[in-house]
Amino acid sequence: MHVQIKSKKNLVAGLMFACVGAAFAIGATGYNVGSAARMGPGYFPLMIGVLLTLLGLVVVGGAIGVHADGDGDPIGRIAWKPLGLIIGANVLFGVLLAGVGSIGIPAMGLIVAVYALVIVSCMAGSGFRMKMALTLATVLAVGSYLTFVLGLNLQFQVWPTFITG
Amino acid sequence: MHDLINNLSLGFATAISLQNLMYAFIGCLLGTLIGVLPGIGPTATVAMLLPATYALPPVAALIMLAGIYYGSQYGGSTTAILVNLPGEASSVVTVIDGHQMAKQGRGGAALAAAGLGSFFAGCVGTLMLAAFAPPLTEIAFKFGPAEYFSLMVLGLIGAVVLASGSLIKAICMILLGLLLGLVGTDVNSGVARFSFDIPELTDGLSFIAVAMGVFGYGEIIANLARPDEEREVFTAKVSGLFPTGEDFKRMLPAVLRGTALGSALGILPGGGALLSAFAAYTIEKKTKLKPGEVPFGRGNIRGVAAPEAANNAGAQTSFIPMLTLGIPPNSVMALMVGAMTIHNIQPGPQVMTSNPELFWGLIASMWIGNLMLVILNLPLIGVWVKLLTIPYRWLFPAIVLFCAIGVYSTNNNVFDIWLVAIFGIVGYAFLKLGCEPAPLLLGLILGPMMEENLRRALLLSRGDWSVFGTRPISLGLLMAALLLLVIVLAPSIRSKREEAFVEEAG
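Protein chains in written order, with the numbering used here: chain A, 265 to 429; chain B, -7 to 498.
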C-alpha cells in the first residue's frame, strides 16, 4: 500500500494557498497585532493568513490518499509560448509607452507601443504572418489614437520623446 | 405602491435624459460587442471597459456599466447558441439545446427565444428590484458592524456554495482575495501593509488590474494553449429569426418558470446566475414533453428560453444586495462596487437617500437597457454573426491591447501594467490548478470592509467574540451561512451537486 497523489492539481494548489497564507501571517506579525478589542494593523491579516494556511494544508491532505486510482489529475502541459508572449507583449507595451527612467530607456509613446504589443502577441497564435500582424497593428494604432486620445481625451504620450522633444 | 411609482418616475426622469440614454446605449452596444467574442465573460468585459467610464458623471458611468453587464451577458448567449462556446458559466446550459437548434437551421428562433425571454425576465427583475430595495434598505439601517460582518460571511459562503468546483478551494480563494485586499495603507493606523516600500502599493492593489489579469489575460493564454481544432468556428447560416406560433406557445410557460426561479435565486447572497440557469433547465427537463415536441438535448426551444430568462432575472435581482447593503453577490457586482468607490460613492443603504437620482435612475435604466438590447440585437444579429466569423488570431491581440491601455489609463501609471502582467501569470496558474477565480475578486473587494466591521464590532463589545452570537440578526446570518455549508457538505447532496455540475459541463 503506497501513499499516492490523488490530485496533482490540488496538491500544488494547496501548497500555494498554505505558502501564501503563511507568508501573509508572518508578514502580519511585523505589524502591531493588538488584541481583539483594540486590533492593530496586523490582527486581521494574521487571522486570515493562519486560516488560509490551515485550509491550504487540508487541501494538500485531501490530494494525497492511500488508494489512488485514475490518472492523478495532472496539471497538464504549461503553455509557455502564449504565456511568455502575451505577458511579454504587455510588459513591452509598458516599457515603450512610458520608458524606464532608471535604466535609461526613453519613452517611445503610444503608437510604437501598440505596434510592439500587437506584433509580439500575434506571435502567440498559430500561423504567425508578419503582414497580418502589421495590418492589424496599423488598424489598432489608428483606432486607439482616434478613440482614446482624440475621442476619450485620455492623457497619453503619442510619439517618442526624441521626436517631440 | 404610491412611493414605488414616485420613485420610478424620478428614476425614469433621470434615465431618460438624452445623455444617459446615450450612455445606456453605448454600454449595451459595447457590452454585446465584446461579450459576443468567445471566451470573454461578463466579468472580463466589465473590467476591460471600466476605465472608459471614469471621466463620466457617476450616474452616467453606472448606467453605462450596467448596460455593459447585460449586454455582455446577452452577447454571451449569442455565442453559446451559434458557436457552441459558452462565453460565461451561466450560459453553459443554453449551449445544450441552443446549439442543436442552430445546427438544425433554427438558430434564429433560438436567439429570439433567448432575447425575448431575457427581456421579459429583465422587466420582472427590475420591478422586483424597485419593490424590494426600499424595505431591505430599512433593514440594513438597523445593521451594526457585527451584523455587517456576519452578512459578509454569509455572502461569501453563499458565493462559493453556488459556484462549481471544489468548495474548500473556493474558500481558499476568498481568503486569498481578502489578504490581497488588505495590501495598502491601513485606515486606522496609517501603516502601509505588505507594500514593500513601493509607493503605488500603499493605495492598495488596483482591483481592475487584478480582474483584467486574472479574467482577461489568464483566459486568453488558456485559449491560445488549446489547439485550433477545439475552437469551433461558426459557419452555419442564421435565417428565419422569428419563432413560430408553436414555439411561442411552448416557450411562454418556460420563460415564466425561469423568471420566477431566477428572480428568487438572484437575491440570495452568492447571486446564482449559474445556479438559476441550471435549476431552470433541470425543471424544464422534468416537465413532460408535449406530443410532437423535440426532446431535450436535441434542440428544444424551452431549453433555451428558460435558462436564459432565469439568468437574466438573476442578473437583475443580484443588484439588490449590492445597491441596498453595499455587498456584492458576484464578481461583476464587486466591480460595480469598485466603480462606485472610484466615483466617491460609498455603497450601502445610504445611497438610496443620499443619491436618489443615481439609485432610481440606475434601476430605470436597467429596464431601458433591456429594451434596447432587444431592439439592438434582433435586427443587428447579422452584425454579431459576422463578428463571430473573425478568426481568434485577429481578436486576441486587440483584447490584449485594450486591457493594457485600459489598465494604464486608470491611474496613468505604468505600475498597473506590471501588476496586470503579474496577475495574468497568476490567473493562468489558477486555471491550470482548477481554482475558480471569481471568489478571489469578491474577497479582494470585501477585505477592507470586513476588517473594518470586525474591528468595530469587537471594539464595541470590548473584545468579546460572542457579540456575533448574541445579537439576533447576526446570529441568524451566521446560522444561515453554517446551514449552507452543512447542506453542501452533506454526503447525499454533495454527490448530487457534483453530479449536477458534471452533467452541466458535459
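No wet-lab data here; the hints were simulated from the structure.
Backbone N, C-alpha and C fix where the C-beta goes; we use that ideal spot for every residue, glycine too.
Be a bit skeptical, because a hint or two may be false.
[Said to hold, decoys possible] Taking CB as the label site, the calculated pair distances span:
1) B:Asn336 x A:Met396: 24 to 34 Å
2) B:Tyr46 x A:Met396: 27 to 37 Å
3) B:Asn404 x A:Cys283: 39 to 49 Å
4) A:Met396 x B:Phe234: 33 to 43 Å
5) A:Cys283 x B:Met14: 17 to 27 Å
6) A:Asp337 x B:Val480: 14 to 24 Å
7) A:Ala287 x B:Val480: 46 to 56 Å
8) A:Cys283 x B:Gly374: 49 to 59 Å
9) A:Val413 x B:Thr462: 53 to 63 Å
10) B:Leu372 x A:Val413: 42 to 52 Å
[Claimed, not checked] Chain A is faced by these chain B residues, among others (derived, beta-carbon under 7 Å):
11) Ser181
12) Ala217
13) Gly426
14) Arg447
Hints, one by one, checked against the model:
1. A beta carbon spacing of about 45 Å between B:Asn336 and A:Met396 contradicts the range 24 to 34 Å that was offered as a hint.
2. The hinted range of 27 to 37 Å is satisfied by B:Tyr46 and A:Met396, whose Cβ atoms lie roughly 33 Å apart.
3. The supplied range of 39 to 49 Å is broken by B:Asn404 and A:Cys283, whose beta-carbon atoms lie about 34 Å from each other.
4. Between A:Met396 and B:Phe234 the C-beta distance comes to about 39 Å, which sits within the given range of 33 to 43 Å.
5. For the pair A:Cys283 and B:Met14, the beta carbons lie near 49 Å from each other, so the given range of 17 to 27 Å is not met.
6. Checked against the hint of 14 to 24 Å, the pair A:Asp337 and B:Val480 passes, with Cβ atoms roughly 21 Å apart.
7. At roughly 29 Å, the beta carbons of A:Ala287 and B:Val480 sit outside the given window of 46 to 56 Å.
8. For A:Cys283 and B:Gly374, the Cβ-Cβ distance of about 52 Å falls inside the hinted range of 49 to 59 Å, so the restraint holds.
9. A C-beta distance of roughly 59 Å is found between A:Val413 and B:Thr462, which places it inside the suggested range of 53 to 63 Å.
10. Between B:Leu372 and A:Val413 the beta carbon distance is about 28 Å. The supplied range of 42 to 52 Å is therefore violated.
11. Checking B:Ser181 against chain A: minimum C-beta separation of about 5 Å stays under 7 Å; hint holds.
12. A distance limit of 7 Å between C-beta atoms decides the matter here; for B:Ala217 the minimum to chain A is near 3 Å, and the interface restraint holds.
13. Contact between B:Gly426 and chain A, as hinted, is supported at the beta carbon level, the nearest pair being about 5 Å apart and thus within 7 Å.
14. For B:Arg447, the suggested interface contact is upheld, since its CB lies about 5 Å from the closest CB of chain A, less than 7 Å.
Going through the hint list in order, the structure does not satisfy hints 1, 3, 5, 7 and 10.
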